[in-house]
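Between the sequences and the hints, there should be enough to build the whole structure, so can you do that?
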Amino acid sequence: MTATVERAASAPRVRRGGRGAWVGAGLAVVAVAVLGYLPLLTTRGTQVDLVGLFSLVVLGTMWNLLAGYGGMVSIGQQAYIGVGGYGLVYLASTVGVDPFLAVPVAAVVCALLAWPTSYLAFRLNGGYFAIGTWVIAEVVRLLVTQVDALGAGSGASLTGFAGIDPTYRIAYVYWLSLAIVVVVVGGVYLLMRSRLGLALTAIRDDPTAAGSLGVGVTRAKRVVYVAAAAGCGLAGAMIVANTLRVQPGSIFSVDYSAMMIFIVVIGGIGTIEGPIIGALVFYALQDSLADLGNWYLVVVGLVAIAVTLLAPKGLWGLTRGRVELFPTGHRVGSR
Amino acid sequence: MSWVNAVVQGILLGGLYALVAAGLSLVFGVMRIVNLAHGVLAVLAAFGAYVLGDALGLHPFLALLVVVPVMAAVGYGLQRGLLNRALGGGELAPLLVTFGLAIVLQNALLEAFSADSRRLDVGALGTASIRLGDGLTVGVFPLLAAVVGVLVIAAIGQFLARTATGRAMRATSDDRDAAALMGIDGRHLYGVATAIALGTVAIAGVFLGARSTFDPAAGGVTLIFAFEAVVIGGLGSLWGTLLGGVVLGVAQALGAAVDPAYGVLAGHLVFLVVLATRPRGLLPSAVTA
Amino acid sequence: MTPLLEVDDVDVSYGDVPALTGLTVTVAEGETLAVIGANGGGKSTLLKTVAGVLRPRRGDVRLDGESLAGVPAHRRVGRGIAMSPEGRRLFPSLSVEENLLVGAHSGRPGPWGLAAVYELFPLVAERRARPAANLSGGEQQAVAIGRALMANPRLLLLDEVSLGLAPVVVAQLYAALPRITAQGTTVLVVEQDVHQALAVADRVQCLLEGRTVLEGPAASVDMAALSAAYFGVTST
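Residue numbers (the UniProt record's numbering), protein chains in the order written: chain A, 1 to 335; chain B, 1 to 289; chain C, 1 to 236.
The hints are simulated quantities; they were obtained by calculation from the structure and are not laboratory data. The model shown is predicted, which means the values in this text are computed figures rather than measured ones. Among these hints, one or two may not hold up.
As the list claims (entries may be wrong) - What follows is a list of derived Cβ distance ranges for each label pair:
no.	chain 1	residue 1	chain 2	residue 2	range
1	B	Gly-81	C	Gln-192	43 to 51 Å
2	C	Gly-232	A	Trp-115	28 to 36 Å
3	A	Trp-115	B	Gly-88	33 to 41 Å
4	C	Pro-111	B	Val-70	38 to 46 Å
Stated by the list, open to error - Cβ-to-Cβ under 8 Å is the rule here; a few derived chain A residues that face chain B:
no.	residue
5	Ala-111
6	Leu-113
7	Pro-116
8	Ala-179
To be verified - Over 12 Å on every C-beta distance to chain C, these chain B residues come out as not near it, computed from the model:
no.	residue
9	Asn-5
10	Val-51
11	Gly-53
12	Val-70
13	Phe-113
14	Ser-117
15	Ala-168
16	Ala-179
17	Leu-181
For each residue, glycine too, the CB sits at the ideal point set by N, CA and C.
In structure tokens:
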């Protein structure tokens, strides 16, 4: 009884993280340092594979931003993956921009495209929003295949790296991709710790109440939608810089949405760590189930359904919040 | 006359789009979830009819007698076994589960039947046509498909308006907890709604599969066209959905008449224009159905 | 003789917040019990627990001696428990008549049907084709009671009939109650309007913070003791 009184008397302190956050920051620095050193130790093939993994991390993180934090289930992010990829090719090969500069510019193009698009997409809710985003992706795909300058239906090659020795090129693309992962994951982390993150949490818990308290629900969602488009554009540019080819049928494929969803669901929706773990798991599954052909998507799909129903917080949720390497929430404690 | 022809073809195609959409709308109206596997399930039904034709030599129309009840049973089981559980898991869970299901089914079909395009053979009916005037002929089969589409939609409308189960469905759609206090078992009723949705989408899938080709990946566009029909027509109105299907079908046919590559794109653009200018659709309705 | 309804030493809580604590309520066949009490006393929670919307943490609810544990709300209607819920909860997109027909979903036989309900509430008969959303509050309450009667219940649960209604309208609605009980229907009514409750009930039970603080025959209740119990003033 006395303890309660004392606790109530002292002003509560709002804190975030604690020891876990320092461990998380330390681990992140070490991981990035080790990964950054890798090109000096590994083969080109390994680096190309790792860039593939990095793109999965970025895609998962972006889909988690949309659905886990913004409450928007999109199955049309391939629109921005494609625009990012095509943007890189067009800027680098046709306009002549330096490819490493073209990557962020392509992401900006995605953001500029996503802003007006959001006004259309936000007229739909829930499941209809999901299909609406897919229609938008299909429209972008169909329009791109009509443009001869982009190679129409057969796609185009990235020629901007022509002067660079492949060993250096692959290492540069690897470092660029690693930098993108750091920017995207760190950006989402900072975004979620900002006022906007607080607003998004309020919206997720109770949109009506948040709206009536003056939280700009639509504005917050629009910022998330545009940021996720830019991030997916970076991932698309990364994928094309890695493979040097872009084809409308594959870069605009809804399979990307499937991957993003599976990564986030399996890893743990609504956390920073979840998509990273999900991307690692998905990458490992993709690798080990490669012989199964399309059965691997059947297996991964069944796993995702099972996780949604049985362990909706995903693999990271199995830690039951005991470990929080990237704490975004606030806690009220007494000391 | 080719323009008139395109419009007529589009109207007939719209009847089938509306039939796919009717099931999507029904499930959304009753339980507020969008089944993202709806399109793939139509394709599954078409493959079912294909297998029956291949193995037993059944005409697609006879195959319907098997495929429709089987799909309805699958729908009931799917709802009771999977989707009712997902409904308890918040707003995202039903979308994640149905999208996962769509990917699982599509890739399983791909492994079982390869990516080859197929078509259901309806025999002489497939080539028969009626001459309506100078240069204007209407295929008997597309006409029949459209008529079946309209009849099934009308039957769903009558079911909801006149039967005790339909009434219970509308009551549950309004207020599930209050409906439970009237003795209505929401879980069973949701099962019935999904059974009807899959039974009708099976009819649509078989007719679509006989009208043109299909492959395991066709579920995506099937879902998209149904969704566009729903939004163009106005959420929650069965007759609006029929109108939406017709508008979409005509837009696609006219686009394709300009250039075959523009058909689908023209449909999407009409959808986006309606979304931008009349977000509640052409025939908005306050009543959920 | 076994009472029709026995709520036996029941605990119900919302999360960690207790709503009913060791509450016991019994209603004999044919009896009308009014449960009264201040807001938050647990009256509506009691009805929801009897109807099967809430599950007790401890204790048992029995109908005619048979435990209802594990029987979901929709099955309890078939056993003869029907409720007119707080706030009416009509189905707004259905017509008045359709609302009544939904009430008969369980198919229990008995004296109540469309004709009998229309005779009981002639105003409802006049509005039969209208959407339920277009009715006045009093009309909606009449439909809600009629809808519950359509299930031909042995036990009728009425939650806050008077809520938001003018006293004249409330009096009209309660005037129908003797004709309902005349059919042998047992009634458990939750009411904020103490005078109205005392006028219609055989017995009255007052709840405060989820416990019974006073109970007795409606005819001989001591108003001073009742108001003390109602507001939680200890009279000793």
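ask   = Taking the closest pair, is the beta carbon of B:Val-70 still more than 12 Å from chain C?
value = holds, 28 Å
request  = Beyond 12 Å from every chain C Cβ: check whether that's true for B:Val-51.
outcome  = Given a closest Cβ separation of 39 Å, the condition holds.
inquiry  = Hint validation: A:Ala-179 versus chain B, beta carbon distance must be below 8 Å. Holds or violated?
reply    = Check failed: Cβ of A:Ala-179 comes no nearer than 31 Å to chain B, outside 8 Å.
query = Holds or violated: is the Cβ of B:Gly-53 farther than 12 Å from all Cβ atoms of chain C?
reply = holds, 42 Å
Non-interface claim for B:Asn-5 versus chain C (Cβ beyond 12 Å) = Label holds. Min Cβ-Cβ 41 Å, cutoff 12 Å.
Pairwise beta carbon distance, B:Gly-81 to C:Gln-192, judged against the given window 43 to 51 Å = For C:Gln-192 against B:Gly-81, whose Cβ atoms are near 44 Å apart, the range 43 to 51 Å holds.
task = Confirm or reject the statement that B:Leu-181 sits farther than 12 Å, beta carbon to beta carbon, from all of chain C.
result = For B:Leu-181, whose nearest Cβ neighbour in chain C is about 5 Å away, the distance does not exceed 12 Å, so it is violated.
key: Assertion that B:Ser-117 lies farther than 12 Å from chain C (Cβ)   = Non-interface label stands for B:Ser-117: nearest chain C Cβ at 43 Å, farther than 12 Å.
message = Quick check on A:Pro-116 please, does its C-beta sit within 8 Å of some C-beta on chain B?
response = violated, 10 Å
task = Compute the least Cβ-Cβ separation between B:Phe-113 and chain C, then decide whether it is above 12 Å.
result = The claim holds: B:Phe-113 sits with its nearest Cβ about 42 Å from chain C, beyond 12 Å.
request  = Mind checking the CB of A:Ala-111 against every CB in chain B and telling me if the closest is under 8 Å?
outcome  = violated, 20 Å
task = Return holds or violated for the Cβ distance of A:Trp-115 and B:Gly-88 against the range 33 to 41 Å.
result = Taking Cβ atoms as reference, A:Trp-115 and B:Gly-88 lie about 36 Å apart, which means the hint holds.
When held up to the earlier numbered hints, the structure conflicts with 2, 5, 6, 7, 8, 15, 16, 17 and fits the remainder.
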